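Visitor: Chain residues, written in single-letter form:
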Amino acid sequence: MKSIDHNLVQKKMGSRLLRNKMAKLLFMLATLFGLLVLIVLIYRVIRDGAAWIDFDFINNKLSTDPERAGIMGAILGTFWLMLVVAPVTMILGIGTAIYLEEYAKKGKLQTIIQTNISNLAGVPSVVFGLLGLTVFVRGMDLGNIVLAGGLTMALLVLPVVVVAAQEAIRAVPGFLREASYGMGATKWQTIKNVVLPASLPGILTGTILALSRAIGETAPLVVIGIPALLIPLPDGIFDKFTILPVQIYYWTLDSALVAEYTNLAAATIVILLVVLFLMNSVAIFIRNKFQQRY
Amino acid sequence: MHKQNTAGQINTNVRDLIAEKKKKKSVGNIMEKLVPGTLLAIATVSILTTIGILLTLITETFLFFKEVSIVDFFTGTELKPLGDNAVFGVLPLLTGTLISTVIAMLVAIPIGLMTAIYLSEYASEKARRILKPLLEILAGIPTIVYGFFAFTFVTPLLRSFIPGLEPTNILSPGIVMGIMIIPMVASLSEDAMSSVPNSMREGALALGSTKLEVTFKVVLPAAISGIIASFVLGISRAIGETMIVTIASGSSKNFTFDVTQSMQTMTAYIVEVSGGEAAAGTTLYHSLYAVAFTLFVFTLIMNMLAQYISRRFREEY
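Chains as they are written, first to last, in my numbering: chain Y, 12 to 305; chain R, 1347 to 1663.
Among the clues, some could well be false.
[Said to hold, decoys possible] Using C-beta positions, here's what the derived DEER-type ranges look like: (1) R:L1452 <-> Y:G150: 39 to 49 angstroms; (2) R:S1470 <-> Y:L28: 12 to 22 angstroms; (3) R:R1505 <-> Y:I69: 30 to 40 angstroms.
Just so you know, the hints here were simulated from the structure itself, not pulled from any lab data. All of these numbers come straight from a predicted model, not from anything done at the bench. We treat Cβ as the ideally placed atom computed from N, Cα and C, and that holds for glycine.
Put together the whole structure using the sequences plus the hints.
Guide: Have a look at this one:
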């Protein structure tokens, strides 16, 4: 019995190995392609924008004159927006996660909420913009102020926080809970004193990532109708505002008219990317420093 | 006497303790009862959000179809939302969305899948630890930045190859959108491939397969449900992507299949019309919701399809 023809195997071996090597090279190049784009993108943005960043650029108000235009308004707007988004999305997100993980009985309601959250995560951000426009800006007659934008954004990033908080809570080992119950603690006491502190690093990491998503979102706020006009610096959550990505949007659109707007957009992108980089670094730091492995 | 006294004292002390404890407990009890209800109320906000989205979209879309026939809307190849003789046909927006999505997936699927294969099957542990965070950076870049990149870099670059390319066109944002989706396809596919147990790979390797053969004959078939789900999610993402196409593809509402032309997607239409002071109650304003509803239905179908695929065809090892 000779089921394997050794000559045939030998003859094919070379080309099989060669194909394997070629494929490996191809796969590696594909991986590097993404990174190459990343490098080109960052290089272009810095080349176009870095020279324009100085104290005046950060500190000045918007202006039609590229030489005098600054992004203080957009920075303040982003700051106030986050001041609305962070608490709202944290309360809603963590509350939902605790309910789903600790209180909800396995059954219809839990499945509905869970499915609903994963579907919400897939809804395009422009649609959230329309929701905000209809409910907050027009329905509640808030107008296009920070509060309306912040509530819209909070709903948009809510699924991110819920999922992260759920994972963090689920990762708290059972023996910690049991020890707490064994000491006579009630369910809420256990959650408040044991589960939440143990899952806090994971929850915070998720929240920061959600906020960094919110900082970069443009579409919902353009839909809500953030003006491209020169508006006074926002002083609180009831003022009209603009944010960094929206500023980038309008400058990019108008770059066909005024060439320097390209540089202003690029400079603003550099600032935005630096902010995002800092936020992500903090998230990674929290994850590595405080997360306990049980 | 003395003894009894002490005992009595202890007794009262214990009784006090219990009474005190009970008093404390009643505060605790209230919390115990309040908390689940409060949390349930918070948890229903996500459901209210969905209901809110559906309600706003459906009611305004209903108003729109009172003014414009539903057949004309879905079969009309002409879209002229402004002016006295406004015509609302959604087909130009649908083709714009379709074409940009196809271009994006032509970039994202092959490169994303090859990246996933490299990371999961070929890369050393060290290379993976460096490459994966870098890809996550690519995924974390805001879409507005990609829009800027498409408009100021990719379009001029493409125009030096393709002379007929318009300054705003669907090709460049399509490609950039694909690049944006690469990390998503790559990381979801890689998760699917990593969950294929090593024993299966080792079995095939022991029979004399090369790594390439293991990948294509064992790992990919075993992970196919997760991989396809990642493609579908990528498609959904491409359909819903807004800023890249808004910036780099312009606002021409031509019904065309020529990728060198400017085209508008559904998302870009929503941004253009809502940003442009559409007065509430007008047909133009209502058209916003009809388009958004169409968009919502498309992405919802894609997301549910992805969930169905990964649930229905998952093989547990």
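Visitor: A separate judgement is required for each hint: does it hold in the structure or not?
Guide: Structure-based check of all given hints:
1. R:L1452 <-> Y:G150: 39 to 49 angstroms: Holds - the Cβ-Cβ distance for R:L1452 and Y:G150, about 41 angstroms, lies within 39 to 49 angstroms.
2. R:S1470 <-> Y:L28: 12 to 22 angstroms: holds, 19 angstroms
3. R:R1505 <-> Y:I69: 30 to 40 angstroms: Cβ of R:R1505 to Cβ of Y:I69: about 34 angstroms, so the range 30 to 40 angstroms holds.
In terms of the numbered hints stated before, the structure departs from none.
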